[in-house]
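With chain B held as given, fit chain Y onto it using these hints.
So the chains spell out like this:
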Amino acid sequence: MLKNINIGQHIPGNSIIHRLDPRIKIICTLIAIISLFLVSSFPGFFIYLAVILTIILFSRISVIRILRGLKPIFFLMFLTLFFHAFFTEGGAVLLEWRFISLHQEGIMRGFFMVTRIILLIMFTSILTLTTSPMDLTDGIEYILKPFRRLGVPAGELAMMMTIALRFIPTLLGEADKIIKAQKSRGADFESGNLIRRAKNLVPLLVPLFISAFRRADELALAMEARCYQGGRGRTRLHELKMERKDFVALILVLCGGVFTAVWL
Amino acid sequence: MHMLIELKNVSYIYEQEPPVTALEKINLNIEPGAFIGLIGHTGSGKTTLVQLLNGLIKPTSGQVIVDGKDIGENKKGLKDIRRRIGLVFQYPEHQLFEETVYRELAFGPKNLGLDKDEIDVRIREALNLIGMDFDKYSDRSPFNLSGGQQRKIALAGVLAMKPGVLILDEPFAGLDPRGRKQLTELLKRLHEQQNISFILISHRMDEISYLATRILALKEGHIVLDGSPAEIFSQPEKLKEIALDIPQLTEILFRLQKKGLEVRSDIFDIEQAADEIIDKLRSRNIC
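Protein sequence lines correspond, in order, to chains B and Y.
No gaps in the numbering here: position 116 of the first sequence is 116 in our numbering, and each next residue is one more.
Position in the second sequence counted from 1, then plus 1000, gives you our numbering.
So that you can see chain B by itself, here it is in the shape it has in the complex (with noise of 0.2 Å):
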């Protein structure tokens, strides 16, 4: 029943793109998101096409597998062109019935809309694709680091989102015991209508929750017997170092970000 729950698309490898520092893969991911809303033009498009094609070609992860990502996102997509195609004005009408109409400048509108969320998503999911949780974790604490003197506590955030990414799968096998102890006791997970479903959850759920919350009490308590205090002063295993590679990667997606903002 939850053998279909993937969490964390990280897949292991060791292309540049993996051993790229995870601090400027965030980066890059970010400016590239801000370039691709200053695209007004479909060949500009064509060029990030190209770009992301390339990366993931360096990635060595198949394309198909990125694509797969677009599927949770399919309904999204129709209902941009959908509303895109039918409320824009202007141009060329190609349908007429009643009070709705379609124009070509909407056809046009929709199409744009739909190509930039694909891109946005092939960028964002070759981030998530190549870089572990647990480096994206780091990455991000890194990166909110400057902000701890606004009072954002960036150590304890990544620790937060660490012991999260953590006990996912421990509960996830917890969820999975628990369902096969109901079901020998004659519980039915599979069938009736939603109300009834959600209702025969709470043999589920109750026993779930009361072991995360008993799971989090044991492990405070481990962690203050480590002496742990917050994050400061946090000295760490791996330290982040950056290389020449990410210094060329930073410029290129930079220069590509000044390019996008002056000329597509």
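Don't take every hint at face value.
Stated by the list, open to error - Simulated pairs of lysine to aspartate or glutamate, EDC-like, Cα-Cα distance not exceeding 20 Å:
no., chain 1, residue 1, chain 2, residue 2
1, Y, 1075, B, 190
2, Y, 1219, Y, 1231
3, B, 199, Y, 1099
What the hints assert, rightly or not - Some chain B residues well away from chain Y (every beta-carbon gap over 12 Å; in silico):
no., residue
4, 54
5, 82
6, 187
7, 188
Said to hold, decoys possible - Quick list of the computed label-pair ranges, beta carbon to beta carbon:
no., chain 1, residue 1, chain 2, residue 2, range
8, Y, 1073, B, 49, 31 to 37 Å
9, B, 74, Y, 1073, 44 to 50 Å
10, Y, 1014, B, 49, 52 to 58 Å
11, B, 34, Y, 1243, 55 to 61 Å
12, B, 144, Y, 1011, 37 to 43 Å
13, Y, 1124, B, 153, 54 to 60 Å
14, B, 164, Y, 1042, 26 to 32 Å
The hints are simulated quantities; they were obtained by calculation from the structure and are not laboratory data.
A virtual CB, placed ideally from N, CA and C, is assigned to each residue, including glycine.
Same frame as chain B, now just chain Y:
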């Protein structure tokens, strides 16, 4: 009530990277009325085996046959199979969820579609079987009970479904010696008086040897030993090979034999063993 369980060429492979073969071509008959002790090192496939028996997982290949019917064949029959083959998981107290003991115990029977009066009768019976007073406990929250009591309640929750076969996965884990003893005696009583067949997974050789009528040892997905406790525990070298040990009692009897006292080594009840030792000592005029 009694039923026959058969496994024919059953294999089970966990689909992951890389795939793990948990069981390989298991052939097994579980005769009615047996008390089977299932032993084996961690990861030998014990838990996988018992989950196959009540249809929680489906064999990758092979058949699980209960009373002549392949349980993989119709999905509707699964509920009936699960009623007749009760499975009590490791740390079963972690699955408790209701507000009162009464409602907790009603969960299983209710899922079977029984009416209120029948459910009430069954709850009283189940509490009686585990030796807990109905009036004292039925309105209490299961979460306010001690760990050992919670485990008994979880067991009663399955007993209330009146299974013909009861499978217990590591029921002794985390219990203190007294709780262990109580549970052991409870299982013995259930087996003798309630006509329930048992399959007991445990690392506790002392309890297994005392309770079981037949012992199965698993190693890396294969059944490597199959026989009565006396047969199994007379070959300690073979048990050591699969990282298991013999019961303390058997160890003592063996040592006495080595010292020249001719005691039987196939006794697994402490009282009986004590009598046997005293007997033999008397016959040699030592005490």
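How the hints compare with the structure:
no., hint, result
1, 1075/Y <-> 190/B, "holds, 12 Å"
2, 1219/Y <-> 1231/Y, "holds, 18 Å"
3, 199/B <-> 1099/Y, "holds, 15 Å"
4, 54, "holds, 28 Å"
5, 82, "holds, 39 Å"
6, 187, "violated, 6 Å"
7, 188, "violated, 7 Å"
8, 1073/Y <-> 49/B: 31 to 37 Å, "violated, 51 Å"
9, 74/B <-> 1073/Y: 44 to 50 Å, "violated, 37 Å"
10, 1014/Y <-> 49/B: 52 to 58 Å, "violated, 40 Å"
11, 34/B <-> 1243/Y: 55 to 61 Å, "holds, 59 Å"
12, 144/B <-> 1011/Y: 37 to 43 Å, "violated, 50 Å"
13, 1124/Y <-> 153/B: 54 to 60 Å, "holds, 55 Å"
14, 164/B <-> 1042/Y: 26 to 32 Å, "holds, 28 Å"
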